[in-house]
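Protein chains: 2
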Amino acid sequence: MRYHKIPDETVRRLPVYLRGLMVSADQGHEHISSQSLADFVGIDAWQIRKDLSYFGDFGTPGVGYHIEKLVRGIKRTLRLDAVRTAALVGVGDLGSALLAYPGFRMYGLDIVAAFDIDPKKIGKAVSGIVIEDAARIDTLRQRDISLAIVAVSRTAAQPTVDRLVAAGVKGILNFAPCKLVAPKRIKVITLDIAMELARLPYYMPRAEQVAET
Amino acid sequence: MRYHKIPDETVRRLPVYLRGLMVSADQGHEHISSQSLADFVGIDAWQIRKDLSYFGDFGTPGVGYHIEKLVRGIKRTLRLDAVRTAALVGVGDLGSALLAYPGFRMYGLDIVAAFDIDPKKIGKAVSGIVIEDAARIDTLRQRDISLAIVAVSRTAAQPTVDRLVAAGVKGILNFAPCKLVAPKRIKVITLDIAMELARLPYYMPRAEQVAET
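These protein sequence lines map, in sequence, to chains A and B.
Using the working numbering, the first residue of the first sequence is number 16, and each one after it goes up by one.
Using the working numbering, the first residue of the second sequence is number 16, and each one after it goes up by one.
Each hint should be verified, as a subset may be incorrect.
Identical chains blur together in the list; that is why a pair holds if it fits in one copy or across any two.
[Claimed, not checked] Heads up, simulated BS3-like pairs for lysine-lysine below, C-alpha to C-alpha not over 27 Å straight-line:
(1) K194 x K65
(2) K65 x K84
(3) K139 x K194
(4) K65 x K20
(5) K202 x K65
(6) K65 x K136
(7) K202 x K139
(8) K185 x K202
(9) K202 x K20
(10) K135 x K202
To be clear, the hints were calculated from the coordinates, so they are not data collected in a lab.
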């Protein structure tokens with residue numbers, strides 16, 4: 016079977032298409048053209064057609080893609096067709112926001128455990144999840160939780176990742192703005208929010224722009 | 016002058032290189048090869064060389080890129096060479112996390128204003144910023160703040176964006192998981208955190224994988 020054959024950049028865009036398709040289905044549409052999807056998600060139509068060709072082409076000329084089939088195909092490709100459980104480490108402002116965030120379920124992801132080292136937080140419930148002592152991260156293996164979200168400080172991030180890896184976690188979404196070391200078989204995605212904001216000024220005119228052009 | 020000539024995908028990666036280069040400079044390095052940078056940031060070396068060629072090649076064969084020059088070049092390209100001020104709208108859990116987040120300064124970005132509609136929050140200070148009534152968003156134009164971060168609920172996002180645009184904001188980083196409408200000249204980046212997590216299962220083996228291969 017094909018495995019790890021789709022380029023990372025395409026894997027990055029598939030969830031974007033998925034969201035666009037699900038919203039379009041909610042609006043009652045059955046089919047969508049690559050151009051309509053392009054307008055919706057802000058990615059070029061040729062790029063969409065190329066990306067979707069990697070895992071099977073469900074489009075019909077003149078009609079477009081069958082939304083429901085495409086949603087199923089993308090979900091299967093991204094392995095979102097079954098619900099996966101995830102653990103959160105670090106229940107500060109960001110961690111609390113993540114626990115309250117309803118969007119994860121839409122992608123078949125369910126945060127079922129949360130850890131912190133602060134004795135004042137341990138035992139309290141946030142968005143229905145009781146915060147556990149971070150010393151209990153080791154229990155993730157027997158609880159069959161293989162995804163984790165790291166929302167701890169920069170200095171605590173690497174030790175946290177080491178513990179998660181030791182506890183059998185296979186995929187980590189990290190919010191700490193630092194480089195993390197993990198074995199090759201573990202997929203670590205670092206999401207540095209400041210970096211996203213850093214892309215914006217590029218698209219804004221400089222004050223002196225008018226004089227220069 | 017060149018403007019909007021660099022592909023969006025490259026603009027997306029430049030901040031990633033920038034972070035890698037800045038960390039490398041902090042570690043005392045003067046030069047870096049595309050391969051070392053590739054290992055550091057997790058992007059292919061050929062992709063890095065291609066991306067950097069868009070805005071001028073600062074590399075020397077056998078020596079690599081001059082880190083300081085490259086940092087300056089990327090910052091200039093991304094227009095991060097001057098400090099830009101930004102406003103935050105929505106001081107919930109996520110908004111509070113963003114106000115407390117030190118990473119923005121690293122990219123020449125400074126959150127100097129925060130707005131909310133909750134009377135209990137207005138007038139209080141979070142991370143040194145006094146929260147203002149969202150009705151005062153109109154004042155952004157005279158305060159010369161042209162970047163905004165939207166961390167409000169899904170239903171409040173579009174009206175918030177409309178007000179920001181009317182107040183002269185040119186770039187918006189949106190955290191609400193929804194499609195937003197804005198004039199073409201306004202750059203809107205939506206960061207759906209769930210979508211990032213949705214990429215992880217793809218990289219994880221299925222339970223039945225062992226039997227199939």
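Hint-by-hint comparison with the structure:
| no. | hint | verdict |
| --- | --- | --- |
| 1 | K194 x K65 | between (31 Å within a copy, 23 Å between copies) |
| 2 | K65 x K84 | within (17 Å within a copy, 36 Å between copies) |
| 3 | K139 x K194 | neither (31 Å within a copy, 35 Å between copies) |
| 4 | K65 x K20 | both (14 Å within a copy, 22 Å between copies) |
| 5 | K202 x K65 | both (25 Å within a copy, 25 Å between copies) |
| 6 | K65 x K136 | neither (48 Å within a copy, 48 Å between copies) |
| 7 | K202 x K139 | neither (30 Å within a copy, 40 Å between copies) |
| 8 | K185 x K202 | within (6 Å within a copy, 35 Å between copies) |
| 9 | K202 x K20 | within (15 Å within a copy, 32 Å between copies) |
| 10 | K135 x K202 | neither (32 Å within a copy, 42 Å between copies) |
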